[in-house]
Structures are given as structure tokens and as C-alpha cells.
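Student: Protein chains in written order, with the working numbering: chain F, 172 to 449; chain C, 550 to 799.
These are calculated hints, taken from the structure and not from any lab test.
Just to be clear, a hint being listed does not mean it is correct.
[Unchecked claim] Some chain C residues near chain F, calculated using beta-carbon distances under 10 Å:
1. Gly593
2. Arg597
3. Lys623
4. Leu625
5. Ala626
6. Ile627
7. Met636
8. Leu638
9. Thr645
10. Phe680
11. Leu706
[What the hints assert, rightly or not] Derived BS3-like pairs (lysine-lysine); straight-line CA-CA distance at most 27 Å:
12. Lys617/C x Lys576/C
13. Lys312/F x Lys617/C
14. Lys312/F x Lys562/C
Nothing here was measured: the structure is a model prediction, and the numbers come from that model.
Note that CB positions come from ideal geometry on N, CA and C, so glycine has one too.
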Amino acid sequence: MQQLCSNKFVSPTTGATISSAQFGILLALLFLPQSTLWSRALFAFATAVLGTWIFVWFIQRIRFKDVVMVPLVGIMFGNVIGGITNYLAYQYEMTQALSTWLVGHFSLVLRGRYEIVYLVVPLVALAFLFANHFNIVGLGKDFSRNLGLPYNTVLFMGLTIAAMITASIVVVVGSISYIGLIVPNVVAMFKGDKIRGTLVDTALFGALFVLVCDMIGRVVIAPYELPIELIVGILGSLIFIGLLIYRLNHGRKAVRLGSAGSSGCSASLSALEGRDRS
Amino acid sequence: MQVTELTKRYDGKTVVDCVSFSIPKGKVISLIGPNGAGKSTVMGMISRLIAHDSGLVDFEGKDIGKWKSRELSKRLAILTQTNNIQMKLTVRELVTFGRFPYSGSRVTPEDQKIIDRAIAYMELEEFQDQFIDELSGGQRQRALIAMVIAQDTEYVLLDEPTNNLDIYHATNMMKIVRRLCDELGKTVILVLHEINYAAFYSDYICAFKDGKIAKFGTVKEVMTKENLSQIYQVDFELLDIQGKPLSIYY
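Extracted from the complex, chain C is given alone in its bound form (with noise of 0.2 Å):
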């Protein structure tokens, strides 16, 4: 996925200010930056769940608005901060719905098959007949990343999957998105508020700032001192833990 100068215009005021950036394939990215940097809306873009006003979103040699929306759901999918689900479906039907790109409303035994290992994979087998608005807010997150895994695609997008979890369901879930790039080989790209989970758990990281990148890089590149201090205008320190770089900011 190659993002060109891309721009995004609200009411004349540039939130997205001429974005240049490739993914590499088969990493975790994440993107990070203050409230109001324009990382959510990058990401709403690169999806195709924003329309841009200029720039081009080239994924795998077509721009995204050119993919017939079907097909491009087969190769990538993307989980808003869906937590609010008012819907009464148990797990097992929510997550048949990621194979309806495929499908349809006919659900094939082969579909079968891979929703029944989707559910196997975020252990979810004994949950699988409730309904997902009896669940925690952990298990739910985990029934519909499960949902992701039945639709099966190259690329998946979550924005701040770690929102309204305590500390044990938010690092679970930065395991599980570390899961789904090393066994699973996927390209996940997040939206992250915690900048020591996008250094502990991601590859890439990129800090957008005023709409525009402050820096894309390795883990390593982006996270020093001068780097963040200057994005989120605070103090930091760095400890290095496991061979990661940690921040303490104050």
C-alpha cells in the first residue's frame, strides 16, 4: 500500500495536510500523535471508509476508490471503535458475518470450517452461542477481531482496539495483533493512544502531528526523546526493557 500527498479538507480546515507514506507488507504499523493529529482520518482514508479530497491511496496497483468495494473487503478490513454493538447476535452469527464478502447470505460448509477455527483461535468456543451484548468488553473486542480472522484478508486495520479495556484485556489484545502478523501473516496497521504498546508490540511506528507525519520509521528510529517530546510536547524519558524502547512521560 503506497498513500500519496494525500489531503483531507473539513469545512476549509486541512486536517490531513499532504500524507506520504508506504506500508510494508506483513508488519504490525501503528500510528500515533496527539489528539486532533489526523490519525484516525488517515486511517478512515486508506480504507475507504473516508472519501479524500486529493492525493492518491494506491493498494496493490489500484487506487482505493477504483476497487469494487466486494472485492477490496476480501483483502482488507478495517474495525472502527465498534464497542457499542446494540445488537442481540450471538458470537457465532457475528462472526459468520465476515465471511459474507465470499459468501453472501449463503454460508458454504468450507465457510463452516473457517469460521469454526476463526472462533477456535480467539478461544471462543464456549462463548460462541451467547449473545455478543452479554459478553465483557474483552470478549467482545476478541468476538469481532475473530469475525476479522473469518473474513479472511491480507490487511487489517483496527482503530484503537485497547479503548475502554483495562490493562489485562488492552495487552491482550497488542498479543493478539502480534499473533495475527507472526502466525497468521497479516499487515495489521492500528490506531494506538498508548505509545508503549505501539513501541512494545509494533514493528513501524508512524507520529503524525498537525496533520502531517512527524516521523515514520522502525520502532528504534521513532521513539527518542527528541522525537516524542517534540510530538506530544511533554517531557519524556526512555528506559530500554526487553530490548524495546519504553517511555516514561511526565
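Just chain F, same shape as in the assembly (with noise of 0.2 Å):
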């Protein structure tokens, strides 16, 4: 999502994904009360899906200048869509109910209730497949098109799949905010934009991230847990006041491992750029 919206900022929980998907299970709950956890499933990929696409349809036509608008408008987007919910959930006492996916932890997480997570394996390889496609979206519109490249059908069909990975996990787990906006950039400040290279990565950081936020959950009120949700949260928010400031004092500049010789060269490199800013 933060490439094909080229902006860092955007992520299923600032790109109104994660809500427009728990507004699908509320509806479910509504209209199927008997619902399973496939008919779930299936209204929360359709307003996952079409919550993601509003909000892009909706900043491509606006075309902020400031990046920082774009999540913005994305968080405020997912708060509307996040209290019609809340509404209806109140006026039909769904409240209770509906917490179980507000909240995402791992405690109900049973046989029969996690299968739909097998779904996310073949988005997954679509994903890696297109990566490249994607990558060049997110250079802009102009830009692909010189390469050949249809813009608005590679656009869709990403946040497609990734709204659909989004709300298979939001209909097992609940909400798991940050994650997607913290472990991509971490990644690529140390491996770059390139998705085929780092698709990986991403994948393994972003699981041991949450196997590391569950293990704390599960010890900080032993034998009691957590809501991994909470502590995602907490850590994820640190972390993020941490990538921010990062990047005020160091600009975009990538961290390099190991070679303390080249730390001077691109110091060096960074303030002739500064330069040529000013």
C-alpha cells in the first residue's frame, strides 16, 4: 500500500482498510446473525476493498502537496467509517460482539477459526509476482505509462490484495494497527524499496515483531493475557516517534550495516545535497 500510494504514511490502519473491514463484520453480525466465519469473511473483503479504494480514489483526485495529509485524511477517513460502526453497533447492541475484532488478540484463535489466514498465501504470491509492477506504479502515473504499464488496473488490483489480506486477518484476529505502517519502513530503511527484495523480509520481521509483542502480552499479567493489539500498539507508536525524528535529522538517507568508512562518504554526500536543496 505505502507503494502504491507513494507515501510512506499510508497503511491499512491509515488507509481506513482495517475499519471499512470491521464495518463488514458488524453487517455481517447484523444481517447474518447465524454467520460463519466465511460469510464474515466475504463482507469484510467487500468493504475492506471498497473502504481502500474510496480513500484512493479520493486522494488521487484531491492530490495533497504535504505527504503527511494523505494519512491524514486516511486516519480521519477511518474514524467516520469507525463510527458509523460504533453507532450501529449501539443501537442494536452488537457492542460486545463486535469488540472481539476492535481488539485484535490471539485468544480466540481455535480450530475452526483461523483457516481463513490460508487465504492470505496465494494473495501473498500474486503479490510477490506483480512486485515489480507495483514497484513502478509507485513511481507515478506518467512513468508507467511510458513503460507500457496500465496504471489504474495495477493500482486497483494491489490494494485489492491487500485489503483482502487485511481483512482476513482483521476477521480472525481483530485490528492489529501499525504494523503494517512500522515494519515496511524499518525494512526499507535498511534494504529499500524494491519489493521482490524485500517482500521477504518484511514477511519475517513483521512475524517475529508480533511473536515478540504476543510473548510480552502473555508475560507481563501471567498467567492473564494481554491483547496483542495493546502492545503492538504501544511498541509500534514508540517506534514510529522514533522512524519520524529519524527522519528529520537524517532526511531519507539509508542505514547502512557494518563499513564505519562509508558513514562519512554519504555524510558527506548528504550535506552536498543539502546544498543543492537550499
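Using the hints, put the two standalone chains together into the complex.
Tutor: Right under this line is the structure:
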């Protein structure tokens, strides 16, 4: 999603995908009280895809000058949808049932309740197959058309994949915010933005991050368990602030591991660049 | 490439008005003119980035809109003002995208050779594994040109390639343009603001004013005191330097 929207701050949390999926789950609970996991997932897929499309269509029409405006609009849009969800939940006394999906946690992941996660596998494979397409789309409309790539088709296909992956996770464990924002950004700082080269790293690092957060959640008030959303939220927002501060101090310079010699060189390079910009 | 009676309107305002010209092959053609004269819009229309309202852009015997986008991108490359790439890609990864119209995501050994040659041609070997957002403006522009070279098209269209570059890098850019034409035999069409670059480095100049072509011809034909002061509405003085007409305006 970050690549497709050419904006480092766009993610399922800041792009209204998660709240749209939750809205879909509520609709399923309202209209099909006997709904199974699969029918809830279907509702969540539809609303998540639709919500993400509307958001991206909106930011494409408006064209904000400031990149920070895009996630802000996304957060607002997500909160509007969340507000409607909450209103409906109160109206039909569904808040309790819904809370399972509002706060992500693993305590309800039992056999028969998680299998939908397997849907992610073909979707990720598809994303990997079209990774270069998404990279090119991220470089802009003119850039993609110059290379003969149908910009809108690839953009909306990519968003659909991202939204469906998100929705299938939300249906099973609920929302885990920030993870879609933090993990790709941290990986990109070290390894660049080429999707083909970083997809595996992003997946592994993301899994590790969730695992560590889950372990913390299980240890802090043992024998009870804190929801994963809480731990990821705290750690994630701290890392996010750290990222912002790093950006302010270092610009978009890559973090290079190892060789101390090159750091001096790249520092002088960035100083040169700074002069260029001023 | 043959352009006939090309017209573009935005909100009822005619930006490009019945423009006709033909592009000679294997030459450098510069589109010049004041702001809002329609040169960038014409560039967009002849490269299929902007749809035209009426008229015809005949590219190798077929209207440009009827070409398959993928096929067209093997024959015509366009670089717009994409100097603000916000993505952490290495130079080599960017140049590799130039092979996308041919091989998609599967880069063949043959493609690798072409990519190597394009990088070497732009003297970017030492930077090829650096991220483009860490390079200077001039190096980044060269990386984009290397991508266009890897794209291996007969026509290369550049929208203000010297924008935001200092004198050294801008002049180098123009020398590269000349080499693309002389050494690689490409037809290069540029939108330029600096008329002296247009005069010194191109073969033909197409001057726009108010959405129409004010003058189209060889550099010597277009670069006269009368033409220029009529197009730009300021006083011009012309000098002859190395056999090229360069202008001073005040």
C-alpha cells in the first residue's frame, strides 16, 4: 500500500482498510446472525476493498501537496467509518460481539476459527509475482505509462490484494494497528524499496515483531494475557515516533550496516545534497 | 511522426490550437516558447500521456491512440519532470525497469547486458548500487536517461530535462542529448526553456505561442531577432558563436 500510494505513511490502519473490514464484520453480524467465519470474511473483504478504493480514489482526486496530509485524511476517513460502526453496534446492542474484532488478540484463535488465514498465501504469491508492477506504479502515472503499464488497473489490483490480506487477518484476530506501517518502513530503511527484494524480509520481520509482542503480552500479567493490539500499539507508536525523529535528522538516507568508512562518505554526500536543496 | 491539426481544450479554453508539424527522423528537435504556450501539452499528446480532443498523431503509420501501450513503449520513451522520485531504488534497479516493455518482470541475460551497457554509457558504474534518493540531481537525471537507453526506443521525448540543474549539469545533459542522437541514432524531442541550449544543441526548433506554432524550422531559420522578439515580447540581440546563433535578451 505504501508503494502503490507513493506515500510512506499509508498503511491499512491509516488508509481506512481495517475500519472498513470491521464495518463489514458488523454488517455480517447484523444481517446474518448465524453467520459463519466465511460469510463474515466475505463481508469484510467487500467492505475493505471498497473502503480502500474510495480512500485512494479520493487522495488521487485531491492531490495533496504535503505527504503527511494523506495518512491524516486516511485516519479521519477510518474514524468516520469507525464512528458509523460504533453507532450501529450501539443501536443494535452489538458492541460486545464487535469488540472481539476491534481489539486484536489471539485468545480466540482455535481450530475452525483461523483457517481463513490460508487465503493469505495465494494472495501474497500474487503480490510477489506482480511486485515489479507495483514498484513501477509507485513511481507515478507518467512513469508507468511510459513503460506501457496500465496504471489504474495495476493500482486497483494491488490495493485489492492488500485489502483482502488485511481483511482476512481482521476477521480472525481483529485489528493490529501500526504493524503495516512500521515493519515495511523499518525494512525499507535498511534494504530499499524494491518489493521483490524486501517482501521476504518484511514478512519475516513482521512475524518476528508480532511474536515478540505476543510473548510480552503473555508474560506481563501472567497467567492472564494482554491483547496483542495493546502491545503492538505501544511498541509500534514508540517506533513510529523514533522513525519520524530519524527522518527529521537524517532525511531519507539509508541505514548502512557495517563499514564505518562509508558513513563519513555518505555524510558528506548528504551535506552536498542539503546544499543543493537549499 | 506526423501531427495534423492537433487540438486540446481544458474547461473550454483552447490550450493547443490546430497544430500541425512533422518530426524529422534522427534529429534533435526542441520545443520552445513562453509559459502556457502549449509546448508541454503537445509533448504530452504526442507521447500518449495526454489524450487529444481532435486531430491526429500519426506514429509510424498508425494513430498514437491505436497503438498497444506495451508496443509503443518499445519505440517511444518519455521522461517527464520526475526529478522528485521518493523511492529507495538503486540505480541499477531503476535502469532495469527500462527493460519492462520487453521482458516484464523476467529479466533475461540479454537484458542484463543491455542494462550494463546503458549504465556504462551514462558513466554510472560506480553508483549503480546506490539508492537514487542519495544521488545529486545531475546523477539522478543521468540514471533516468540510462533507463531510457535501456528501453531502447527510436524516439526519446524529454520534458524540460535541464530543469533544476545548475549550469554544469544542464550543459552536460544537453551534451548527452546530442550523443543520444549522433551516436545512438535516436530522434530526440525536448521541451526547453533556455533558448540558447535549444539553439546550440538541436537541429530543429519548434516555437510555440498561444497554443499555435509560431515558427518551425532549422535553428538558423527560427533564431532570428524578429522571430524571437515576436514570440517572447522582449528585445533580442543575436551573436554568432561557433557558427551557432546564440541570443541575448534584456
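Student: Would the hint on Phe680/C stand, with a C-beta cut-off of 10 Å toward chain F?
Tutor: holds, 5 Å
Student: With a cut-off of 10 Å, does the beta carbon of Arg597/C approach a beta carbon of chain F closely enough for the hint to hold?
Tutor: holds, 7 Å
Student: Holds or violated: is there a CB of chain F closer than 10 Å to the CB of Ile627/C?
Tutor: Where the cut-off is 10 Å and the nearest Cβ of chain F is about 5 Å from Ile627/C, the hint holds.
Student: Can we keep the Ala626/C interface hint, with Cβ of chain F closer than 10 Å?
Tutor: At about 6 Å, which falls below the 10 Å cut-off, the nearest Cβ of chain F leaves the hint on Ala626/C intact, so it holds.
Student: Should the interface hint for Leu625/C be scored as holding, given a Cβ-Cβ cut-off of 10 Å against chain F?
Tutor: Hint on Leu625/C: holds, closest Cβ of chain F at ~8 Å, below 10 Å.
Student: Straight-line Cα separation of Lys617/C and Lys576/C no greater than 27 Å?
Tutor: Holds: Lys617/C and Lys576/C sit about 25 Å apart, inside 27 Å.
Student: Let me know if the C-beta of Thr645/C comes in closer than 10 Å to any C-beta of chain F, holds or violated.
Tutor: Holds. Min distance 9 Å.
Student: For the pair supplied as a hint, Lys312/F and Lys562/C, is the alpha-carbon distance within the 27 Å limit?
Tutor: Roughly 25 Å separates the two Cα atoms, so the pair holds.
Student: If you take the shortest Cβ to Cβ gap from Leu638/C to chain F, is it below 10 Å?
Tutor: holds, 6 Å
Student: Take the C-alpha atoms of Lys312/F and Lys617/C, compute the straight-line distance between them, and say whether it is at most 27 Å.
Tutor: holds, 17 Å
Student: Using Cβ atoms only, decide whether Leu706/C comes closer than 10 Å to chain F, and label the hint accordingly.
Tutor: holds, 9 Å
Student: Mind checking the CB of Lys623/C against every CB in chain F and telling me if the closest is under 10 Å?
Tutor: holds, 8 Å
Checked against the numbered hints given earlier, this structure breaks none of them.
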